[in-house]
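Peer 1: Residue numbers (the numbering used here), protein chains in the order written: chain G, 1 to 269; chain D, 1001 to 1269.
Hints were generated in silico from the structure; no laboratory data involved.
Keep in mind that this is a model prediction, so the values were computed, not measured.
Any given hint could turn out to be false.
[As the list claims (entries may be wrong)] Once the Cα atoms are required to be at most 30 Å apart in a straight line, the calculated DSSO-like pairs of lysine-lysine come out as:
hint	chain 1	residue 1	chain 2	residue 2
1	D	K1181	G	K175
2	G	K5	G	K27
3	G	K166	D	K1023
4	G	K166	D	K1263
5	G	K181	D	K1182
6	G	K181	D	K1104
7	G	K175	D	K1034
8	G	K263	D	K1027
[Stated by the list, open to error] Derived CB-CB ranges, DEER-like:
hint	chain 1	residue 1	chain 2	residue 2	range
9	G	L47	D	S1152	40 to 46 Å
10	G	L25	D	E1174	15 to 21 Å
11	G	T70	D	D1233	46 to 52 Å
12	G	E12	D	N1143	44 to 50 Å
13	D	N1264	G	F60	51 to 57 Å
14	G	S211	D	K1034	51 to 57 Å
[To be verified] Residues from chain D shown here face chain G by an in silico Cβ test under 10 Å; the list is partial:
hint	residue
15	I1065
16	R1086
17	S1165
18	K1181
19	V1186
20	T1204
Idealized CB from N, CA, C, for every residue including glycine.
Protein chains: 2
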Amino acid sequence: MELEKRHTLIKEWLAVIKDFIIKELNKERIIERKSHWNDLVTDVDILIENYLIKQIEIHFPGELILGEETADTRIAMNQINIEEERLWIIDPLDGTLNFITSQKDYAVLIAYYEKGIGQAGYIMDMNSYDVYHAFHNQGVYKNDQTFQLKNSDAQLYEGFVAFNSKVVYLERYEKIRQIGKKCLGVRGTGSAGLEAVNLLNQYTVAYLSSSLMPWDIGAATILLEEAGLKSSDFEGRDLKLTGSSSVIYAYPSSFNEIHHHLKNEKNEQ
Amino acid sequence: MELEKRHTLIKEWLAVIKDFIIKELNKERIIERKSHWNDLVTDVDILIENYLIKQIEIHFPGELILGEETADTRIAMNQINIEEERLWIIDPLDGTLNFITSQKDYAVLIAYYEKGIGQAGYIMDMNSYDVYHAFHNQGVYKNDQTFQLKNSDAQLYEGFVAFNSKVVYLERYEKIRQIGKKCLGVRGTGSAGLEAVNLLNQYTVAYLSSSLMPWDIGAATILLEEAGLKSSDFEGRDLKLTGSSSVIYAYPSSFNEIHHHLKNEKNEQ
């Protein structure tokens, strides 16, 4: 089975990456600035991404690759219709700033899409080294064992909500922040991949981020939808595989509560 | 030496508590509501607090105890002048909601004050089981080894700032949240004790919380001041050992940046 072949390979790649990262811990890092003063990349991000690209090119020549550090500019420029392609979306280190500061709370993310439909998503949680994966219409697995949610649904008052940094400090997200009042408390790890893991384990009931790129959400969306959670942007639209998007991931009841709250915001304006 | 005797006992107590908590993990919990719907306490909090109170009463009869779950109402009602007393301040589980939801990101906190001056502070980080402690004017220790900060100072742009939930969602903290723009990113664990550990390890450069009780800050303040960090409430006043207080803990330069920002807030109003 074609997807099984990919699964076997991806597990091998993740094992190699895990060993590589563990060996690189506690070493001096080469850190470079990308677009902004706080948009940083390390030599570890780049080495992992190059490794994955090489493996994909060897085993699946001709398939498109959208990686955080080497994004195919033809995709970014919309010169390729990804809805017609076989597409890999990878984030070698999701939570690079966490990796730099604490070496905690980061993840490795790999996703594979066909004609715009997520076929396989992988998150390796680098705190625990647990690998979560999902195939389209085949449920969620943790370390290759069937994974069940604690509860298939949860309301806001039953758990924590996580926000990304910009939701916390930008004035225009005032109404979104007030969702924090309706839940047990507000959290934030700085890694969208780990936020997906926290949702799967029901450590949180919702995650809201003002701006995420395809490599932040490619794997998470497959895993969370396969687990029965809901996803959209702040306006309720489906998440896109290109460009930057706001993101809501939540348990169904919390998702409805959040959109009800956001709709009322518009009515009040 | 009197403080050494306390140190030996407290280490024994923490070892007992650690073993007890580990045995209690993954069991059904008895959870009770305290003041609000999201102010919860478990049987584990109460059993640990009762254990500590009993130990203190056996070894140090007559000394005052201010514990989260059984706070001496004479202290809360200001019928006792704690500035004249030998006072224990304990939080059996700091981060109870985290303990309930994820069994991650919580801590055990013990502090001992004489005449209002912190003599000994202990934080047991229950993610790693590391015990951080400090004696007055004798520096900080991690697992009984001398602990040095990575850098004795840090500016906001060099690290993360952590907020508590209310700072994130209450409108009146708009200006405080904007400090998030000046740093690497915003984080929040939901445990003031762990935020102190994150500061000691320079995973963050500042922590701001809208309202903390003496048992949240009793140990942290001793450890952080002993490490050379700064503390105050949002108005720049010294932290109090009674009642609820806003709290800023930060590296010296970040502390100055934050108070400069908050002062400008007042001028702009």
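Peer 1: For each hint given before, does the structure comply? Return the numbers of the non-compliant ones in rising order.
Peer 2: Structure breaks hints 2, 3, 8, 9, 10, 12, 14, 15 and 16.
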